[in-house]
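*Asks:* Chains as they are written, first to last, in the UniProt record's numbering: chain A, 1 to 698; chain B, 1 to 698.
No lab work stands behind these hints: they were computed from the structure.
Don't take each hint at face value.
As the list claims (entries may be wrong) - Straight-line alpha carbon distances no greater than 30 Å define the calculated DSSO-like cross-link-like pairs of lysine-lysine that follow:
(1) A:597 x B:623
(2) A:277 x A:173
(3) A:536 x B:597
(4) A:623 x B:536
(5) B:597 x A:497
(6) B:489 x B:363
(7) A:11 x B:258
(8) A:623 x B:597
Listed below are the residues making up each chain.
Protein chains: 2
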Amino acid sequence: MSPPQWVKDLKPSPPQGSDLIATEREKSQISVDKLSNFLFTKEALERQDRILAILKSEEVFDKSQNYFHGRVDRFKVALARAKRLRQLQVKHNWNADDYNVANELISEPGPYGLHSSMYLTTLRGQGTPEQQKLFLEPAENYEHIGCYAQTELGHGSNVRGLETTATWDPQDKTFILHSPHLTSAKWWIGSLGRTANHAVVMAQLIINGKKYGPHPFVCQIRDMKTHEPLEGVYVGDIGPKFGYNTMDNGFLLLNHVKIPHVNMLARFSRVDPETSKYVHPSSPSLIYGTLTWVRSTIVLQSGGVLARGVTIATRYAAVRRQFQDRDAPSGTLGENQVLNYTMVQFRLLPLLAATFALHFTGKAMMALYQENQKKMQLDAERISNTARGAGPEETHSGSDLLADLHATSCGLKALGSTTAAEGLEVCRRACGGHGYSSFSGIGSWYADYLPTTTWEGDNYMLTQQVARYLLKSARAVLKGKAPNNDTTKIFTTFLQKQDMGAAHDILGSDSDLVAAFAWRTSFLTFEALKHRDAEKNSWNSLLVDFWRLSTAHSQYLVVKNFYEALQSESLQRELDPVTIDVLHKLFRLYALTTLEKEASEFYSSAAVTVRQIQLARTKTVMKLLEEVRPHALRLVDAWHFSDWQLDSSLGRKDGKVYEDLFYRASQLNPLNGLTIDPYPDSGVLIKNDESAKFKSKL
Amino acid sequence: MSPPQWVKDLKPSPPQGSDLIATEREKSQISVDKLSNFLFTKEALERQDRILAILKSEEVFDKSQNYFHGRVDRFKVALARAKRLRQLQVKHNWNADDYNVANELISEPGPYGLHSSMYLTTLRGQGTPEQQKLFLEPAENYEHIGCYAQTELGHGSNVRGLETTATWDPQDKTFILHSPHLTSAKWWIGSLGRTANHAVVMAQLIINGKKYGPHPFVCQIRDMKTHEPLEGVYVGDIGPKFGYNTMDNGFLLLNHVKIPHVNMLARFSRVDPETSKYVHPSSPSLIYGTLTWVRSTIVLQSGGVLARGVTIATRYAAVRRQFQDRDAPSGTLGENQVLNYTMVQFRLLPLLAATFALHFTGKAMMALYQENQKKMQLDAERISNTARGAGPEETHSGSDLLADLHATSCGLKALGSTTAAEGLEVCRRACGGHGYSSFSGIGSWYADYLPTTTWEGDNYMLTQQVARYLLKSARAVLKGKAPNNDTTKIFTTFLQKQDMGAAHDILGSDSDLVAAFAWRTSFLTFEALKHRDAEKNSWNSLLVDFWRLSTAHSQYLVVKNFYEALQSESLQRELDPVTIDVLHKLFRLYALTTLEKEASEFYSSAAVTVRQIQLARTKTVMKLLEEVRPHALRLVDAWHFSDWQLDSSLGRKDGKVYEDLFYRASQLNPLNGLTIDPYPDSGVLIKNDESAKFKSKL
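Turn these sequences into a full structure, and let the hints guide you.
*Replies:* See below:
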């Protein structure tokens, strides 16, 4: 329905959003390009632009109906896109990174999602050369489409509690996969519901009646031609979710399904087909390493995930005007930009600071991981040569560095994904009423991101692993047997200075600000240690303390990594002084608002004084908000999101917010095709819809 | 697709959810019925059951496809339900309360929503007898279907900034309604998009070129027979939203639309058609009162809104088992109920306490409102007799009580709706992975509730009104001219004791606990007053302080109201000692966890000591969680939600969580009707769907 001419002639009331946002950009001297290049590298940005051009030219990736489609249509379109994306990958010879960039630009989970990630990764990582030939090759050619079936209806976090069984049959040398209960159903499995024809099934290995814990088995589940489920397989989609509805998360029940011996992935542990003996895993710490890698990736991504919301909300706050300033002289014309209100700044700008804080932390984590991975490889080879056949417990001793990195990644995954998820919702609300419209682009992005707080370790569960590690480190420090790493260093400092007390100059010195966070972590660790070891409190009674401890530790790491990034030679070389100064202010803003929010722990540990927090709260933070505010637009621009990627009326780079909202509502909205009959007693529901099936029910 | 027999034979692994939940209920001696009756009255519960039976017997109210439908289908079904509900109202002679109960049970916004609330209310409240005859009568008979068009594309909170104009034409004695800009489009208007044929349009009244501010005008927008928009009217639905998608929130542009003189609602102000003179409103404080009423309702409802999430999460936490207790002796069989973990208790039980806290506060607010309304009526009559013709400013003096109630309702509306919205998300996450499934019933409920944080005053904007009132009261107290109310009383106490300091025994005395909250509010008020009056800081620079102040004041009120409810004669009479004891523990849990979360302000005001908070945190709160836990199931049962209303697999009263999740996924899910072709290069998308329109695009 094209609008009449008088509607087409209307413009937003002045000043125009495009002028406001242009003026806003002029307020800052930050070099957006330099900052973008520093954050992502020039090569990565050029690649992104190149791939974006390809996607935009393909009709199947047109996003204009995304917000209107129901579940079934969204899935169909997502499937068409997944297929086309694979074709483009082949055509343009994209590597895995290119393919990931394309997926990020499309910004929706797709039906091949778990095939191209977990299925291929698992086969590569856990398959023997023979198995790779058999399963990985057809999967890489998309002749097999697979998924990774671990979680069950009754078991998520507790992998050891999985119910699905894989029983070794020495007679015909097969495994029998079976779901003994309804709760044994595999559940939440991405790409399983409608798409996959193969699955890696995690099942309890049973040999001669003895259980050996969960192991991975490749299982064909659908016919390669008809795509119908095979005999003994009951499979389907688990239904709609809060988000992620372009993905067919599925369920799977297996009724005594026989698979050959070769289908148990055997790189790390296996069953000897002749003797029916179980052969123990050679190096579990390498698997351990993969999880650390995945979590580090989540930390790095959390900055960018949050940055989308911050970009949208900040741009809209520069265009949106509401009320006059209460202290403005009477007669002042025009309303105030929402971004000028301190209440809006206080909600948005600390999140803007968090995007950079998380990004730098993620980068530091990845670097540390790669460095350690090299060492681990050497360790693993050594262990493999000397300790083959030993159980998993004995092989852990050689991996102190990884233990630190593992714990760090657990805590930071929890903090990063929680910060991003909750921050996105803050951004959405900071957009006022229009934030609730799907066209804001934040709601669906938030809803799709939410599972990240649960998968790869539930954010609350993970904090126990962090606490366990910190307690262990603290015990080692007390015994004088600690390995030399950052954690033990801050504990040692704390123990040395504990009696004298700390005098952290948090308002004057950056390193003191970092040290205050280290002090709080150390204090909470030794408190928890006292509760556990001296007072013998139960583990369960300390879970809340552990969660607080893990959060404290992770916040310390984020503050420290931001601080170190600012000192780094590459930053000093690549960025100009104005930008470095603003980033420094963002560091202080992140650190001080975090400190203020968690003030109670900083007081009780005597890391800071009440007076210092009061000053930080009422003066320093407010001053920082004022100083960062003129740079807000350029800072979000540096995140380099294209309008196509954001798909947001409110976050348009050109500020044409109201035109875009109006266009989508009036021109793209299928509901406006219905002319209803509004009266309760009429027999007609929709005047122009023959399928108005509720007619007869009235 | 009916499952094969081997699937039908499967049961969840033992113990069964139904047994777990039954055992759980046996742990407590609380009388659920007595508590329900006390909360809602026996009559209200019986009415609810009676109406529930009627709705369940009507096919159109069947909820089984709600979570699967896309926007267009959801709207169609909602329209059919709205029509049928109106028919039932006539058939059973339901009053407004009955009708509201039915809507609450259906639990989705409907296309008649704004007609039956704001449109009718506005006509009743602001129409003259002649106008009521003309507009209200056909609206009450559903011959007119109306809506209330205030918010515009460019203006939400700032009503004075509305752009739509109503220009008086003395020639033919009409008003010309006009939208001068695109941003003047009415936007977000419930029931306008597809349903309404009339609207109350708020527009800037202009007489002889002079502006008189926003006023209400009745405007027909669609043809009574064809339902097509009238000439000069451009109207439609604004598109999908994060929630509320059963409602047709609409837009409206008007191009010089003429309406007769009688269409300006004239009970409070009007234009004299002969002289073209503006006649000033006689009693603006009565309108002021309506807003207070609406906000008080939101406070009362917030308890119940949150209780749905808490009910679902608590029941599921009693059924769900994950991991063994880490300290359990080795060899212990079976996993631990999730509700036994302190980390889960710490997230859920303070919210359970908040449901009761908000409920009691809402009830107290409503009672206070009604009491004051009587006084106001007398005031209004007095003013109307003596001050007719005076401007709005002069008539405010007589309404000190209402000013207090108004400010209180603003702050509590913000706190209550924020607590409910954010609490629901905490409940959803506390359900782990399955919380993300639509079948949890929390996600959609949360998404539909979210706008409450924005409408009837944005929760952040409202805090300014609270602060303004508290500053005014503080100034009056300092001048010795304060009216006698609770606010001025706590300020006076604070000023008297300020120098001696406070010694609140928050762990030993309930009244001291309440007093500590009063102390903190008073401290923050006088701090803010110093910043504003002595240091002459700008209003804008104090917005964050004002928001903190408003939150502190509202938390004080909630704690005080909970405390007073416990002392009330009716509670002591109607409930048994066990229940009263548990409610008392909930009071302390709510107060102490709130105090601990906001610890920093309690320290700096010297309302409590660091040592007290540390004790509260590590000992008292953990003890309270342990003591409340056995009663959790019965406490949520007392909220009296039927399974039909909750529509949640996880929140089933009988604990059959896994059976219900499986049934909905496998039997109700339309996506499972599609058999796809999984290969990227095939020309086929969906094997069994002729309309697979993306085929050609591959």
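*Asks:* A separate judgement is required for each hint: does it hold in the structure or not?
*Replies:* Results of checking the hints against the structure:
1. A:597 x B:623: holds (25 Å)
2. A:277 x A:173: Since the Cα atoms of residue 277 of chain A and residue 173 of chain A sit roughly 12 Å apart, the hinted pair holds (cutoff 30 Å).
3. A:536 x B:597: holds (27 Å)
4. A:623 x B:536: holds (17 Å)
5. B:597 x A:497: Roughly 29 Å separates the two Cα atoms, so the pair holds.
6. B:489 x B:363: holds (22 Å)
7. A:11 x B:258: At roughly 22 Å apart (the allowed maximum being 30 Å), residue 258 of chain B and residue 11 of chain A satisfy the hint.
8. A:623 x B:597: Since the Cα atoms of residue 623 of chain A and residue 597 of chain B sit roughly 25 Å apart, the hinted pair holds (cutoff 30 Å).
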